[in-house]
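**Q** Now for the letters of each chain:
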Amino acid sequence: MLKFLSKRIVQIVILLFIYVTIVYWLMEAMPGSFTDKYLMNPKITPEIRQNLEKQFGLDKPAFTRYLYYMKNFLKLDLGISFSHFPKKVSSLIFERLPRTVFLFVTATLVSYILGYNLGKRAAWRRGKILDKTATFVGIVFWTIFLPLLAIFNIWLFGVILKILPLNQFINPNVWRGTDLSAQNVFLNLLLNAFIFLVVMMISLIFAQRVKTVAAKRTIVLSSAVVTLTVSIILWTSTGLGIYALDIILHMVLPVLTLTLYSFAGSMLVMRDTMLEVVREDYVVTAKAKGLPDRVVRDKHAARNALLPLITNFVISLGFTLGGGIITETMFSWPGLGRAYLEALNSQDTPLLIGLLVFTGIFVLLAHLIADVLYAFLDPRIRY
Amino acid sequence: MTERSETIVQESLWKIRLKLWLKEFKRNWALFRERKIAIFGLSVIIFFAVFGIIYPLYPTIMKNVFWKDDIISYETFTPYDPIIGFDPNIFDHPSPPSLVHPLGTDPLGRDVLSMVMYSTPREFVLGITAALITVVIGTIIGASSAYYGGVVDTFFMRLADIVMLFPSLAILMVLSAFIELSLFRLALIIGILAGFGSITIVLKAQALTVKVRPFIEAAKSTGASDAYIILKHIIPNILPLSFLYMMLNVTGAIFTEAVLSFLGLANIRMSWGVIIHMAESSGYLMGSSIGTYWWLWVPAGACITLLCSAFYFLGRGLEEIVNPRLRKR
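Residue numbers (our numbering), protein chains in the order written: chain V, 2 to 384; chain H, 394 to 722.
Think of the hints as simulated: they come from the structure by calculation, not from any bench.
Take the hints with a grain of salt, since some may be wrong.
Claimed, not checked - The calculated lysine-lysine pairs, modelled on DSSO-like cross-linking and capped at a C-alpha distance of 30 Å, are: (1) V:K133 with H:K625; (2) H:K625 with V:K129; (3) V:K129 with H:K408; (4) V:K133 with H:K429; (5) V:K61 with V:K76; (6) H:K604 with V:K8; (7) H:K625 with H:K419; (8) V:K212 with V:K288; (9) V:K8 with V:K55.
As the list claims (entries may be wrong) - With beta-carbon atoms standing in for the labels, derived distance ranges: (10) H:N660 with V:F64: 42 to 52 Å; (11) H:V544 with V:E29: 26 to 36 Å; (12) V:I233 with H:P489: 38 to 48 Å; (13) V:T213 with H:N421: 23 to 33 Å.
Think of the CB as a built atom: it goes at the ideal place given N, C-alpha and C, for glycine as much as any other residue.
The following block holds chain H by itself, in its conformation from the complex (with noise of 0.2 Å):
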């Protein structure tokens, strides 16, 4: 009895945490590997962030390889700057792909290339951004009204129902009109729209199964407050289900950033949506020209496809661990 007891004191806390934490890690990881869909979703966000971390690299190799010669009009005209940028040895722009310019360039002289690397930890940004403050907001509003339940339930629930009733393109539409849309703002009205609807709904149920749980009971008789009960009790519980809606959310806000940006309505400088609005501004995406001039939407809108996806198959993926109704066994 002795022995046992201090074998248990030997070992810290937080090394059990670890511990415990690392073989709950495991058994995930095996499930999670299952999973062929979600593997590829994590391998194609990987790639692109990879792809947005080396876009330094790509204007100083392109410079040593195709511009060593001519110095001069390189420093000029920087032709792999994103926004400022133009070739000057090509006379019409947007030009087809070719070795110096991979993906061709833009109406106004600009590779499409570097610009495409140049948005794409811009979008991630967002993206994430977006979607930790609607996680955020959601998971404190939803447990906190499971738990409280009565006015704070029925406030929040009715405000959730207020905001749903908003179509989100069409306010952000008119948000734009007087809030300049800069990247990160627009992140923060996103996620702030979005962390107040449907998803506080979702989690507060999830909340509620946990609060007739034994443990909250025992935790509210060896008196611990309100706050503590929630942050440490209902709030990891109700977490799996938070990260998965987080993952969804991400496809949501970048493809939101980028139909506003193809509007023309976010005051981003430079992002996908961007790159095809200006292709459908100034007039290549009409008739013949859309099989022509492909290089100016293609990569842009392929590349907002796919990390939206790989967001959602990675959610998809995560859905089969947090849910374990839907496992194969």
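Here chain V stands alone, though its shape is the one from the complex (with noise of 0.2 Å):
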């Protein structure tokens, strides 16, 4: 194990280094430059413009800024945003990141809560009403353009029902009394979900050292309605739960999109992988044994079609800048996908390069931990 994990981590070191170069050279190879913006502009000179692009270190070689820029990246600095100036890229990566993670993470648990239960029943009964209707609306789903859900959603629940806001991050008239910073409400509000994630985790473990059904049910439940009733007082009584709410009204529409997007891809593997599993000979053996259906289903076929889902989902997390493109734009959301494609129409190519790096060690790291779990999981596989 520790002899794979060391040539693994050798070669993901190999592969980010290529990434970095092609992705430096990529932007390099762009037309024009961010100084460019101001040659129409009339307050400011030739010579300031040259003065700027001798800041910015633009009056160098191409070769030499890239040496530059591979000295600072081994040193974990990813350089300074052009158009917002005085910031770090990595402080702002930093600052949007949670809002794309927290975004992504809520959907893509919902969605995969979602494709398990429903891939397992699909698989289960196949053929069946069940299995029809969940394979077709899964895939119009899959493949639905996504701004297209993206402005139906807004329409139905933003002009129809007007029951959420239509985008945007917070609401201005709620924020305009206080001088609470709304990135810190939203890390706050981070950190409960975070909380509430481990607390159903440990809630879960405990639950499969109880014997019968209602037992385990009842700790789940009671665990979940305990955590969330104490945050909810939390919140309220330090006023700041109308803050936070409006955080959370801002963001269903989003997930309930991605959410929609993405389910089938994990109802259509948890679907196929569990058809393989009902073959098997241990399957036939329980339902000899006269257990109970749905035992059979959930405890010996479903645990066992899980392994594939699990890893899908780790390497999924990964991919969060690519989908996150769309959908922030169409909800104005103020996350990772929306920076990029800002920096995209501003040239400010060391944001540019900052995200795609970002998400390469991102996808990297989401694919060894991917490996490990399986490793770890799965006790027929030893590397």
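Join the two chains, each given in its own frame, into one complex according to the hints.
**A** Written out as structure tokens, the structure is:
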């Protein structure tokens, strides 16, 4: 295992360097530069422009700049953004990362839970009405034109039903009276969600120890209810409740859209794996033993079909930037994807490279975790 | 004994092959027909193909029905041209659907149905070209890296790793800054980017299972060259899987084009994505106008979704033929 891990890490480092190099030169090949924007501005004379170029280091040859970039990259410094001038790229990324991660982790979690349950049932009752409708509806949503779904959801929930805000991150009218930073409230919210997840995990582990189904259910349900009530009480008692609610309300539509869009992926994986598992001898044995249908399905078949789903989940978390561009643009959600589009429009090269490199690291780490998880969860796989 | 050999000789080789092929086709068709979803996908694709082909008829019919008395303004304004058309008889564009314009007009006064119809063959060309390029590259690389192994294998697999690292939409957005993404170039780039990516890994895994079969050994011992074995023995055996991936890649290519056009980054004069981009950039997709001006985004969006899902349905149907483990029996 250790040998495998060290080999993988060396591979990842080499891959990362090649990736950074390609990304750098790709950006370098883009025509024009940040300072060209000021060509038509009469207030900025050629001297000022030259000075700007000198300050940004754009007057040096590309190769020298590449060496500088790599040197800084080794020091984990991604440079300074042009369009948000004094801010560092890394601080910009870390400012926006929680928003994207929160959005995507919520959407992915919900869609995987939905996909797992639907896929399990669809495969178990193969060819029946549930299987057919779930596959059909799932594929239509899986291949739907994402902006179309976003527009439709905005129209349905924001315009017709008027229960959810159309877009943006916060509602300025609510926040006018305070000097709170939305980012701080959001980070607290994120921490709250994380604690909730941890509590749920622990309660699930405890639930496995208990024998009867009813006891399991009470443990999971009661822990969920208790955590939720405690956090709601905490939020309202500090007076931050309305602000947190505002952010959550703004999150519902993007999460809904992303969930609808992506649940079919996990559902189809689950269904196909399950169809293979159902033929295994141990499932036939379990049925022959006279176990109830649900126990065979949940404990014997579904648990063994879960493996590809889990690795799929980890890998899909890596692809947040690419998928984020469309959703975040449609809902004006200030996350990484929208930062990418803005950086592209203003030719903010350091931010562009930084975002792509960061995503690359994210994807590589996700793959590594998926590999390790595979070996950890499947006793047949040993590296 | 002699009789039998004579009968074999009498029938020429291609006839036998044709018969075998027909037999195989009939068996697969029977399997395919059981999948209602795949049949649905196929019929949607055929519908769109017909829809695109009859496009030239549409202006002619409309001209003879509604513009008989006003030939001159028809000739000057060409109201059914998808790119430069304009209807002078309607005062405020976009106008809602009417008999003259079954799907209304867009903010520039062009006929929406004519734009949708005009784009259909282009989407087919784009999707199929891109998928074909992907599959040709993926199949050849997958087969040869499985067959040769060693350096070739390592090189292409690491290349696939790197290509998979790039978020394809983000890279296409960067490329759009210095390459004019016309329809054909876009298809080429999407095809190449996807071709070196994950598809090679999947096809290589399939080719590895073919490589260890006895007939490869037999071909080698009769002195077949490497290229011959790859082309005649390995590739035909992984071709069904490649075909399946081609169907799934058509979906991806059409989707990518639509998103790029929607963001206004591709240099394509007319496509379904461009129609929605038009509606969005002129401010008809905000707040309550979304519902009021539905004909600006529903037809094009529905077409993208329908065609994409049709190819995906077809791919799913084929998957059960290609992958026997998924079959019912």
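**Q** Can you list which hints this structure breaks, lowest number first?
**A** 1, 2, 3, 9, 10 and 13
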